[in-house]
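Line by line, the protein sequences are chains Z and W.
Take the first sequence: its position 135, counted from the start at 1, is 135 in my numbering, and no numbers get skipped.
Converting from the second sequence to my numbering requires adding 1000 to each position, the first position being numbered 1.
For the record, the hints were derived by calculation from the structure and aren't laboratory data.
Where a beta carbon is used, it is the ideal one built from N, C-alpha and C, also for glycine.
Don't take every hint at face value.
Claimed, not checked - Incomplete in silico selection of chain Z near chain W, CB under 8 Å:
#1 18
#2 20
#3 55
#4 70
#5 77
#6 83
#7 87
#8 515
#9 516
#10 517
#11 518
Claimed, not checked - Computed footprint of chain Z on chain W; a stretch qualifies when at least three of its residues, placed anywhere within it, have a C-beta under 8 Å from a C-beta of chain Z:
#12 1181-1190
#13 1221-1228
#14 1257-1271
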Amino acid sequence: MADQEEQENRKISSYPLDHNSYKLLQVIGTGVSATVYKAACLPISSSVVAIKAINLERSRANLDDVRREAKAMTLLSHPNILKAHCSFTVNHHLWVVMPFMSAGSLHSIISSSFPNGLNEPSVAVVLKETLNALLYLHDQGHLHRDIKAGNILVDSDGSVKLADFGVSASIYEPNTSQASMSLSSSSNLMFNEVAGTPYWMAPEVIHSHVGYSFKADIWSFGITALELAHGRPPLSHLPPWKSLFMRITNRLRLSDFHEIKNKKDKKFSKCFRDMVASCLAQDPSKRPTAEKLLKHPFFKNCKSVDFLVKNMLQGLPTVEERFREESLRFSRRIPAVDEDHDDDDEQDVDDEMLVGPVVKNRRISGWNFNEDVLELYPVFPNQGSSSSSSESSSTQSDDHNQQQMMREKINTNPSQDERESSTVEDEFEEREVEDDQLQKVVMNPSSSSMEYSSSSTTAMVDVAPLIPNLETLMDSLDIERKMVSDLLNQIRGQEVTVDGDDDHQMNSREEKLHEMVRKLSFELHQEKRKSFLLEMELEYLRTTVNSGPQGSVEGATQ
Amino acid sequence: MKGLFKSKPRTPAELVRQTRDLLIFADINSTSREAKREEKMAELSKLIRELKCILYGNSESEPVSEACAQLTQEFFKANTLRLLIICLPKLNLEARKDATQVVANLQRQQVHSRLIASDYLEANKDLMDILISGYEDTDLALHYGAMLRECIRHQTIARYVLESEHMKKFFDFIQLPNFDIASDASATFKELLTRHKSTVAEFLTKNYDWFFAEYNSKLLESPNYITRRQAIKLLGDMLLDRANSSVMMRYVSSKDNLRILMNLLRESSKNIQLEAFHVFKLFAANQNKPPEIVGILVANRSKLLRFFGDFKIDKEDEQFEADKAQVVKEIAALEPKDRS
């Protein structure tokens, strides 16, 4: 083993460290701060390599990040991880020389040839190989922090490698801002920076003040599973910042939600759905570790990578062709980013049927993962809050509950799954009722219609439990406000690292980002107003409770 | 056979002793290639992994301070650290990484509220020589480099390295063509020159002449972009540190230094320009400017004022704007010394 290692090392150091030894052939990928080339290494009989040229002047002000990436790619050694041959600087670019993965990324494969996703056996192979890499990474104390199809590469022999450690982090090497932390303390296992690509980000990464760890990668892995199965990640019909923002502010309206279409004709096994559901548990501690996930029955009878060669790679355009095509397609698309919205308005009917008889334009507080159609579903404010409080343990703070409410939730949709899990269904319906009741309560607090629960004796008592809910909601709004302003700063500072295939998308949207900033400021303003209104409501409710028959001294004295 | 012993967990001290025995074996039997050696090396790798788990804990359990203390004590009682460093080239990649993390962690372990690693290293300073030489070996550089950075957390060890002949080698290490190694060396260089304030101030004062001569010619005027960018940033960090104020005064009184800084201001790189500004402003803000400095600033006054008029950064930064206004004010108000 050691010998093999040494051989490997010798091979790596034999790649020359000057740019004249390489001939750039074609661009096969572009991003905000990096371009990826297919290149020939002249001294080594013109063998083909990939070179990622990172512009050190752009976007990544922090050289330490670049150093960490280079170090990670040198020191990690696993068949499912893309290792760099070498890296060196060429003026203000850093060239990272890597093996050329001729089939390109799964994102590129899917968007060119499998727009509706891969078949389940192929998904299984890709996920299993990726999971091997993840297990190794986590075992090494590394978080990848940007797991997505765009970062999973395939070679002509079907081998699958996880790539792009641009935002990876090691628990053993805290960055300078955290250097004061002691290495042996458990708190060091948590990170607080917002890193990754919006659609794939775990809720706790977005709510970065609570800290996150290895389980954030498991979430992204689950999202990647959906991406491979459906051809795109959930919420991807929205621009990245919108999707991120929405998970923070939960201001999504149902009419914005039109992801569920024609998905029902795609059948996935119970096993697969169960596996994805476990990854998307909103409570990170409920998600399995990479090791445990690898033992999931879904990966049991997984085919070999040869299966990918036969089923996925045959007849695939080359990476270069795909890049050209994608660039063209993208440049055509830019003027109408939101064009989908018009088409999909008709879909609202379907949406409503799936999520039950709900009023259009109602706010959504988070996402339910619907295991049966393998999609994320919206969660409504009250439903989210009541379910999260019932789920959460007593040790969790109110604030934490509130966090959960914002997050995507695993839940079984009643209209889809009527008999299979009746308990969940009952719970759901109860919540639905509560939700309607809440609206009434809010609109007309003194009305007798507030008797929404058989266990409650009088209407007035029932209002009381709402107060903590509203209070936590208000706390959460404060937190959100801070998040939004952080987000604004990040967008302004362009410190947000977005890598891989989304890069050109971001790049060409630079002006759009400015517009986004304005929008966000506007939403922030609205958020503040909402907060104010809630405060008013809370005040009103307090008064109502106090004046109720079982109310306080003040009520009794009246 | 092995299964039989599994039920009896070994104590941290036992683990260290076994590791030590195997390291001694590995050290002596470097050439023998029999299967037995393979087996022992595999066992060694396993032991090092176990040591790491005790020190860092794992996904199920937090590290136990009592176990960590036992391990640390036993580790430094005999020459285990030296053996581990010497034998590192014989370990495979995974074991090297584990060993590096073990060594890193041990530097922070306190036994009876004492960092015994510091005492050990002080008696074994030559180990630093081995670690630093790692930058000359591609395969070892990142492991030895990481260990070295942990060792110089101890002030006495940092002082030893600063005052050693090795310090001069860093000017070459940070320009090695291999980016991973060069950037690791710069991280260590930066740590040496910023972590222990009083030691750094003492070092810079004593070694001012050769150090800044090398710094200017090899780093700030390097043809290599990344070298210049890191060097100008570090220069700013050093000079702006209160502990180094006398060094700073000396630095900003030299017209050669001013010339270099003005050239860096003219770079096409925004990042370099900005960092250069943070040093340049010290020249302008100096209330006791030597005549030659005043002379240069006056001679270039209109060019400088025009430059600062257009000098903007992407982010809004009040401090930057205030500094810039101050620099402009200082330069505009300058009178050539010979006329006054």
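Now for the hints, and whether the structure bears them out:
Interface hint at residue 18 of chain Z: satisfied, since its Cβ lies 7 Å from the closest Cβ of chain W, which is below the 8 Å cut-off. The beta carbon of residue 20 of chain Z comes no nearer than 12 Å to any beta carbon in chain W, farther than 8 Å, and the hint placing it at the interface is violated. Interface restraint check: residue 55 of chain Z against chain W, minimum CB-CB distance 11 Å, threshold 8 Å, status violated. The closest approach between the C-beta of residue 70 of chain Z and any C-beta of chain W is roughly 5 Å, which is under the 8 Å cut-off, so the hint is satisfied.
For residue 77 of chain Z, the interface hint holds, since its Cβ comes within 8 Å of a Cβ in chain W; the closest pair sits about 5 Å apart. Annotation: interface hint on residue 83 of chain Z violated; nearest CB of chain W at approximately 11 Å, more than 8 Å. The interface hint given for residue 87 of chain Z is met, as the beta carbon of that residue sits about 4 Å from the closest beta carbon of chain W, less than 8 Å. Annotation: interface hint on residue 515 of chain Z violated; nearest CB of chain W at approximately 18 Å, more than 8 Å.
Because the smallest distance between the Cβ of residue 516 of chain Z and any Cβ of chain W comes to about 17 Å, over 8 Å, the interface hint for this residue is violated. For residue 517 of chain Z, the shortest C-beta to C-beta distance to chain W is roughly 13 Å, which exceeds 8 Å, and the interface hint is violated. Using the Cβ-Cβ criterion of 8 Å, the hint placing residue 518 of chain Z at the interface with chain W is not satisfied: the shortest such distance is roughly 16 Å. Using a Cβ-Cβ cut-off of 8 Å, 3 residues of the segment 1181-1190 of chain W lie near chain Z, which meets the minimum of three, so the contact claim holds.
Coverage of the segment 1221-1228 of chain W by chain Z holds. Counting CB-CB distances below 8 Å, 3 residues qualify, and the rule asks for three or more. For a cut-off of 8 Å, the count of residues in the segment 1257-1271 of chain W with a CB near a CB of chain Z stands at 3, and the three-residue condition holds.
Hint compliance for this structure: hints 2, 3, 6, 8, 9, 10, 11 are not met, and every other hint is.
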